[in-house]
Every structure is written in C-alpha cells, then in structure tokens.
Amino acid sequence: MTDQSAGESASGALAAGTRRRALAEFWHYYSANTGAVIGLFVFAALVLMAIFAPLISPHLPQEQFRDSLLTPPAWQEGGKPMFLLGTDAVGRDILSRLIHGARYSLFIGLVVVVFALVSGIVLGILAGYFGGWVDALIMRVMDIILSFPSLLLALVLVAILGPGLFNAMLAIAIVLQPHFARLTRAAVMAEKNREYVTASRIAGASHLRLMLRTILPNCVAPLIVQATLSFSNAILEAAALGFLGMGAQPPIPEWGTMLATAREFILRAPWVVTFPGLAILITVLAINLVGDGLRDALDPKMKRS
Amino acid sequence: MLRYLLHKLALIIPTVFGISLAAFAFVRLLPGDPILALAGERGVSPERYNELIHQFGYDRPYVVQYLEYLRQVLTGDFGISIATKRPVLGEFQALFPATLELATVALIIAVLIGIPAGIFAAVKRGSWFDQATMGVALTGYSMPIFWWGLLLIIFFSGYLGWTPVSGRIGLQYFFRPTTGFMLIDSLISGRPGAFRSAVSHLILPSIVLATIPLAVIARQTRSAMLEVLSEDYVRTARAKGLSPRRVVGLHAFRNALIPIVTTIGLQVGTLMAGAILTETIFSWPGIGKWMIDAIGKRDYVVVQSGLLIIALIVMAVNLIVDVLYAVINPRIRVQ
Amino acid sequence: MRTRLTFAAALLAATVIGGTAQAKQLVYCSEASPAGFDPSPWSGGNDFDASSRTIYSRLVEFEHGKTSIMPGLAESWTVSADGLEYTFKLRPGVKFQTTDYFKPTRDLNADDVIFSFERQWKKDSPWYEYLPGTGWEYFTGMGFPELLKEIVKVDDLTVKFVLNKPEVAFLPDLGMDFSSIVSKEYADQLQKAGTLQQFTQKPVGTGPYQFVDYQVDAVIRYQAWDGYFGGRQKIDDLIFAITTDPAVRAQKLKAGECDIMSYPAPADIAGLQADANLKVDEQEGLNIGYMAYNTTQPPFDKVEVRKALNMAVNKQAIIDAVYQGAGQVAVNPIPPTMWSYNKDIKDDPYDPDAAKKMLEEAGVKDLSMKIWAMPVSRPYNPNARRVAELIQADYAKVGVKAEIVSYEWTEYRERGKAKDRDGAFQLGWTGDNGDPDNFLFLLGCSAIGQSNYAIWCNKEFEDLLQKGKATTDVAERTKIYEEAQVVFKREAPWLTIAHSKVFMPMNKKVQGFVMDPLGIHRFDGVDVAE
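Chains as they are written, first to last, in the working numbering: chain V, 7 to 311; chain Z, 1330 to 1664; chain P, 3 to 532.
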C-alpha cells in the first residue's frame, strides 16, 4: 500500500512536468500553422465579444427605432452613422444584434458539444469495453441515428419537442452524438487489449477506474478534434433550424433566425441578409481553422514531415 | 466475400427495423392532432372526429398500429398522404427524380473538381495553389449553404440575370416525363432549346448543393494523397525514375482511392440534408421540400414513410460503399 | 422505351401541328400546391384557384370584382315567400369538358346539381368518404347539413332546394367554391371502374378551362375549353407555376418567367410598382387582422384593462413596419368596404400615458402576459411575429411584460380555441360571401370553442346578431349591425389591428384581370396583349 502511494506521488510530480512539456510541444506544432493561429485569435475575439456584448454593442439588441426601419449600412446612401450595419424591418440595429447573437451561437456550440461529448463518450465506453450485446445494441441505435440525414432528423426532433432554442440544441446534440460514441468505442477497443490495461486489471482496478482513468485519457486526441468539428457543425445546424423557423424564436438575435426573418428582403434590403450570414461564416471558419490546427498538432504522423 | 456481405446484411436487418420503429415513434410523438390537421381552419364536429379516428385506426393500441404499418410497408403500401389523399409512394416516385438529378449533378461537380484539386494540392504541397485551394475548401465547408444560395440568387439571377429564378425548366416546354430527369427528358423531347433551359435551371442549385461535398472531397483527397505520397513504395517508384505523372496518377492515386471512395459515399447523407435547404431556397420540386412541407403540415403519413424511405436509401448507399470498399481493399474481407 | 419514344414523337408532332407558336399563354405564379382538383373537400384559396375557378362553374356566380351575384349555371331562380324553397332553372346546353379520360354523352342536368351537393352530405354515398378523411370543410362550416332539408329534381333542367330554416346568405353560399357543380356521369364512370380517386386527380367540369396536366408541386397546365357556355377564352394555355416563396415569385415576375402573381411580400411591392414592365393592381381586402384577448381570463375580463391595452399599441407603426403601408388601421371588426360599416365609431387613441394610468386605476400592476403569433403569413397579417414584437415593445412602455408564443399552424389554432387559453391571440378572417354576418359570427356565443377566440359572450351583441340573421331587409340589417359595432367597440374583446390591402402584380400585357374582394383569382375574361 505504502509503496503504491509513494510511487503515485513521485509519478504525480513527474506527470506534471510531462504535461507542461507536452503542452509546449503541442503549441510548437500548432503555431506552425498560421491559419490555425489566426483562427484561434478570431475565435478568442468572438468569445470576448460575446462576454462583453452589453458593453461593446452600440445599442440594445431589442430596441426598435420606429423612425429608422430598414436603414441601409452607414456607408451606403440613406445610411445613418449611428447604425453602422443598418437596421432591420422593425428598426433594430443589426450590428448590436450580431454582437449579442454571438452569445447565442457560442452558447449553442458549447452546450451541444458538451452534451454530445458526454453522452457519446459514456455510450462509446460502455459499448467498447463490455462488448457483446451491449455493444450491439448501442451501435445499432447509433446506426439508426446516422441513417437519417442530420438536418432532417433534427427537424423531426424539434417538431416533436416544439420550436425553441433549447429543443433545437437538444435535437442537434442527439444527432451529433453518434460520432463521439463511435470514436470512443473504436479507441476503447483498440486500447482494451493493450498490456497496460491488462496489467491494471490484474492489479485489481475496477471497471470504472479502468474505463475512466486508464483508457479514456489515451483517446483524448481524436475526441478533441471531433469536438471542434461538432462545435462548428452545431452552429451551422442551429442556424439552419433557425432559418427554417424551428430554432430560436424571434426576437432572440440568433444569427440563423435573423436570416429567416430577412429572407423576404433579399431584393429590397440585402444587407439584412448579408451580415448575419457573414457572421456565421466567419465564426465557423475560425473554429474549423482551429480544428484543423488541432488535428495537425495532435496527429503523431504529421510530426514526421 | 460472400461471408462479408452476409455479415453486413445481418447487421442491417435490425437497423432497418429500428429505423421503421423510430419513424413510427417520431410521428406518433409529433404534437398536433392529424385529424384536426385534416379539418383545417373550420374545424370538425365531435362525431366526425371519432369517425375519422376510427377510420385511420388511431384508436387502436400502438403495437397493433406498428405491426399494421410494417405489414403495409412490406407489401409496398406506404400509406395515403393526409394532405393530398394520394399514395405516398406515388408522390415520392414523382418527386424523387428531381432530388436525385440535383444530387447526382452536384456529386459529379464535387468529384470532378474536388479530386483533381485535392491531388494537385497534395503534389504541390505548401505552394500558393495548395494554400489557396485549402483555404477555399475550408471556406466552402464553413458556409451556411442557405445563405450562400441566397447570395448567388441575388447576384446571378437578380443582378446579372444570367440564370432563371426557379423551377426545373422553362414553362414553355411541356412534355410528359419519361425518366423524370429533366436533362435526359429534355434531350429526348427534341424540342429546340429545352436542354439548354434545363441546364440553366440546374446550374445554380447544383453548385450550391455541391459546395460542401466539394470542399470535403478536396480536403480528403489531399490528405489521403499526402499519406500515400510519403509511403516508402512511392519513394521507391520515384527513385526508380518513373515519371511523376505515373507515380502520382497510377500508384499513389490508386491507393489513396480507398478513403476517397469512403468519403464520397459518406457525402450522400450530406447531400440529402443539403438538398432540403437547397430545394427550399430554389423552389426545386424534390423530396427535401416535400418533407419540410409535410412536417409543417403535420402530414403524418408522409413524414413517417418519407423518413423511412430516405433512411433506407442512405443505408443502401452505405452498404454499396462498404461493398465497394471491400472490393477495392481485399484486407477488409478477411476481418 | 420504344413506345415512350413514339409517344414523345407523336406529342412533338401534335404540338407542331397544333400550332403552339400561336397559342396564347398566361403564366400565373401561385403560392401553394393544390391539395387536389375536387373543388369541395378543401378550404385553401390556392385549392380553389386551381380547381373551382378554372375548371368548374356554379349555379350562381359572383360578379367580377364584386360580392353581388349573377346567374351562372342557373339562368333564373325563384324564392318561396317563407324563404324555405329555392327553385333554379338550369341553362340548357351546358357541356362538360371532353378530355382524353372522359367523354360526356349528355349535357349538364339536374342530376349533376343534386349529386354535387349530396356527395358532401349523405353519409351512405360512396363518394362521401372517397378520399380518406375528407372533411367537406366548407359544406359543414357553412352549416349546410343542418340547413338543407332536401334537394328535389323537378325536371331535367329544374332543381329545388328545400331548407329547414330561412338563410339570408343562401344564394351567395351557392356562389362559393364548394358549391361547384361536378359531373355525375364522370363519377359513375369512375365508380364502375373502381378508381374513385381519379375524381380529384383528373377533374371534369363545365368551367372556362380544362385540366391538362399536373406536375406535383411544380406546374399545373390548363387549356381553354372550346365548349364553355360563356364562350371560349382568349387564353389558350393557362399555366400555374407553383412558387411558395413570395420573394421568388416577385423575382420571376420581374424576369418575365411569369405574367401575374399572387400575394407579394410587402417589402417587394414598391420595387414591383417601380418596374416599367409591370403594373400592380390593388384593392382593399375584405379581411380583418386582430388580436383577441381571453375575456374570461383575469385581468382581461375587465373592460378597462382591455381598453387600456388597446390604447398602448401604436397601430400606425405596425402598418408601416409590417404591412409596409399595404393596409389601413382597423377600427371595427368588419372592413370599410363591407356594407353596414359604421364610420361614426372612433378608434381607441394611441396614448401610452393614459393607458398606463388606466391600468393602474384598474388595479393592474406588473402584468405579465403572453402574445400569440401565427407562424405563417396570412392575407390579413403578413408577419404576425413581427407584429407581436412591435406590440411587445409598446407594452413594455406601459409596464406590461409580454412573452411571444407560437406553435405550428394547425396546433396554433387548436390551442387558441381552448377556453383557458393564456394570453392574447392573433388571428384574422377573410370574408367568404360579402355578408356582415360572415364576420360578426366570429364574436357570437355559439362560436366559442370554434371560431370565437376571445371566448366572449355578450348578451347585447348576441341578440343583435340573431336579429340580423332573421331578416332579409338590408336597411334593417344595416341598422342592427351598426349597433353591434358600437357594442363591440365599447366592450373591446379584440385589438383590431388592420385591414390589409391586397395587391396583384402583373405584367402590363395582361388585360382584363379583375381583383376579387373574396380573394379568389379568376382567369375567365383575361387576355394577354401581344
């Protein structure tokens, strides 16, 4: 017993050192990719923007300026300097709504990824570790979910649960979760028969400890990459649902919902359509750049070249 | 090979049952009463309501309803649409060719542009071409395609007037559909200008739908080629003095084909999901738009059967991809 | 394959010989697919446009652009003194359309008229259920099962309708779409072949255009019917291009892909009006958009509270922002174009300060409520969500916190009907037959749980409503309905939002199109200049 605890504290200090070194090595590879660094900065800027939204945005997102309906952006004819990107049909400042909308998009991405990650990991571990009929059952359910086109399934789920932000997030999380489950299962199955696992099992480690402490940390890399992918996917899917009227409901300034309400103004006031879409594009692009960078940095094969 | 196929099929059967059960359950869970959906704005009397419930069998226990549904599906009866009172299978058959045509053309575009782009990017790794292509691909991949479609419509149809606004072919061309594919039918009809009209109607929606698959295929091709190009046997081939084109085109590409084919197969699901948005924006009369309208109208029968049919198609494609994969890569069969 | 190729070749030959180069074509961009081509089971304007107005005719017809009626398939009619018997003399020599799926052997006669109604009425008829789950919405909605006693064939060209009670609007009801006359001979033919479904897929009527082809969700094609009793139409090919998105319809019209379109989005109207090739007809809509309080739910059961909330809303801003000027502020529950409209009634003024005071005096503090908004665009309200957002902001200024609530369209109406519905409910109404009772019945006691979304039952109003139904004297009814509007304004069960203007943009070469107050789109009498 004492031997183990002494060994543990020594290995703890060693582990801390290794972790710091691993982080530095990781950053070395990550920063080699300029795109990924740019993406990281943009993403950080978006997060800051979302956090400090009430301080940054020039107006309240829900304030209706009845005398300035559908004002063009400030640099166009008819634009007003106080509304930099123009106003929408009810006279609300688009820039302010975009800034506040960042909160919703990032929130959506975070909640969806956390939910999908947690449930996907749990299911994947159970399936990979126990095998047999547990594996078969879980994998069949995952297959079923994956057989439906993602947007269609999300639509049906939201139709069942009722339109709204929370239900949209739940639906998207359910749709994205099989990817995590599969990844985890594959990683678990690969690690399951390794020697260090067998050694721990012989030493008397319980199932739970084996799953969480021993196997899982070695599957982290692909999960992180998948998480960033799902983050951007979640934002796109939520925007699509909002666009179809099944996501966040007005007057919430979610970017997809803003696009839905702006569709009728394509010809008359194209700025109401352009900017929310641009916001989505920039955000998703930044996250995908980060995701790419992460994949390259964490993938051992790439380090060769 | 046969064992592999049988193994795959054995896995599919429970999945298919699961899909039918899911489709059935979803529809039962949808809020809104289908009978009241039928009745419309003016409502329906309580006796008529009970009559209709009994007629549709909604008063029977769920298990009975499910088994009855399975029985009907196995005999090819996918029910009658609540909204139009027409057989669902008939409506599907009328509308599916439009989606299939759009998806096929989109996939062709994605493959014809994506694969060469990915190959060149891999071969010329690090060059401006590589950076630019991957940058464009990443952007395409991050694009909300419904917004992208709207922008293209504003620019090409509205501002430049180069492409028509919606529909599959100019309205002055009337011929009974033979294959359901407007490109083929317009050629067969022999009417002057019909084919051009069909093409001009198809361009914009297929470009929009092709955007994401193109990006994914390009990226995947590049990374698959990079993997292969760094392999020993490629270096050997180069050392032997084989021309770069032979090395790349014949040896490297062949071996990179496996993950590429898998990716293409996986894009089918993406295409179906993308078709929903694309058809909505371009008013393209296909099954994507049909499903959305059905969900909105609470047309239970259509939603249920439509979900089932679409999921079955996706599954069938995945099965074909798996088989192709096994054909290309003999190692898989042995597992 | 070979047979198909020869068919295609034959079609090509036929079109060449038929001289398509000279055929006049009109393309109408419609807003939705029709559910079918039987004029009676459905209730959507798009269903009627595609079926009853093109393919069929009725005993009486509404005059173009008006709500007054004129003879249609019936040349003349007499009404008995007690108002219970209507006898119609049918026009002789009316021909049903000859198509490749049906060749009539006789002209229209009384059997067809009787069949057209009995199939919607008699449960033992095989046609009653021929479409699973058919509701015959309008037939039941207009109260015909209780109204009709029997329909008698007096002779081949004379039909008598016997009613159970007098009904002032019976004649206009017979001009409505569900009253279209169908072919019994065709029905019998289909019944014998066992293909009853075809009745709604391949229709046969006596109207100005006959059905040619329908590509699901895409295109409907019609051809002028040579034997139409009103004379062959000048347009040879009538085409409906189904385009659900209004912005897309506007684009197609501008691009010349269609010649005429329905229901433009308010945002596009100015642009369409400015286009040199287009003209935009407009008409005051026979409709009302409103928000109904639940008058049984405190504090909305107090008149002062409802009045105060009405005064808190800036209706003109709603007209500007949502209707984009394509409408006018509504004062009464019936539109100004309706006879018996009371122009002396004053609207609740927009006065947020007074509203705030009234609320305080009524003992209302920190009111939190729900505003219901429709998820779909309706002729009387192009964007209920946006209206709700404006009202929400207005309410905030008088200290009332509102939450916007919405459901899927059918569910929305179902939940809205509930007697314990929480909050104020947006909806509207388009007139069916030009009679004030067709609007005011929405506020009657018997409509609670059906169409009375204010759950309002006021004895004074109800008595007036019943009196108005009982007499046919127009002057007397006018006085009655004017008084009813005074009661309505005083009790304020609704916030009357707007009467929308209806617009019909079209290419300048389209001539003879007349806008219909009842919202139907008729193409008889329309011509296209070269």
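What the hints contain is simulated information worked out from the structure, not anything from laboratory work. Treat the hints with care, as some may be off.
Unchecked claim - DSSO-like mimics (lysine-lysine), calculated; alpha carbons at most 30 Å apart, straight line:
| hint | chain 1 | residue 1 | chain 2 | residue 2 |
| --- | --- | --- | --- | --- |
| 1 | V | 86 | P | 236 |
| 2 | V | 198 | Z | 1569 |
| 3 | P | 399 | P | 358 |
Said to hold, decoys possible - Computed beta-carbon distance windows for the label pairs:
| hint | chain 1 | residue 1 | chain 2 | residue 2 | range |
| --- | --- | --- | --- | --- | --- |
| 4 | Z | 1397 | V | 125 | 30 to 40 Å |
| 5 | P | 228 | V | 72 | 55 to 65 Å |
| 6 | V | 228 | Z | 1465 | 48 to 58 Å |
Computed from a predicted structure; not experimentally measured. Heads up, the beta-carbon is just placed ideally off N, CA and C, and yes, glycines get one too.
May I ask which of the numbered hints given earlier this structure violates, with the numbers listed in increasing order?
The structure breaks hints 1, 2 and 6; every other hint is satisfied.
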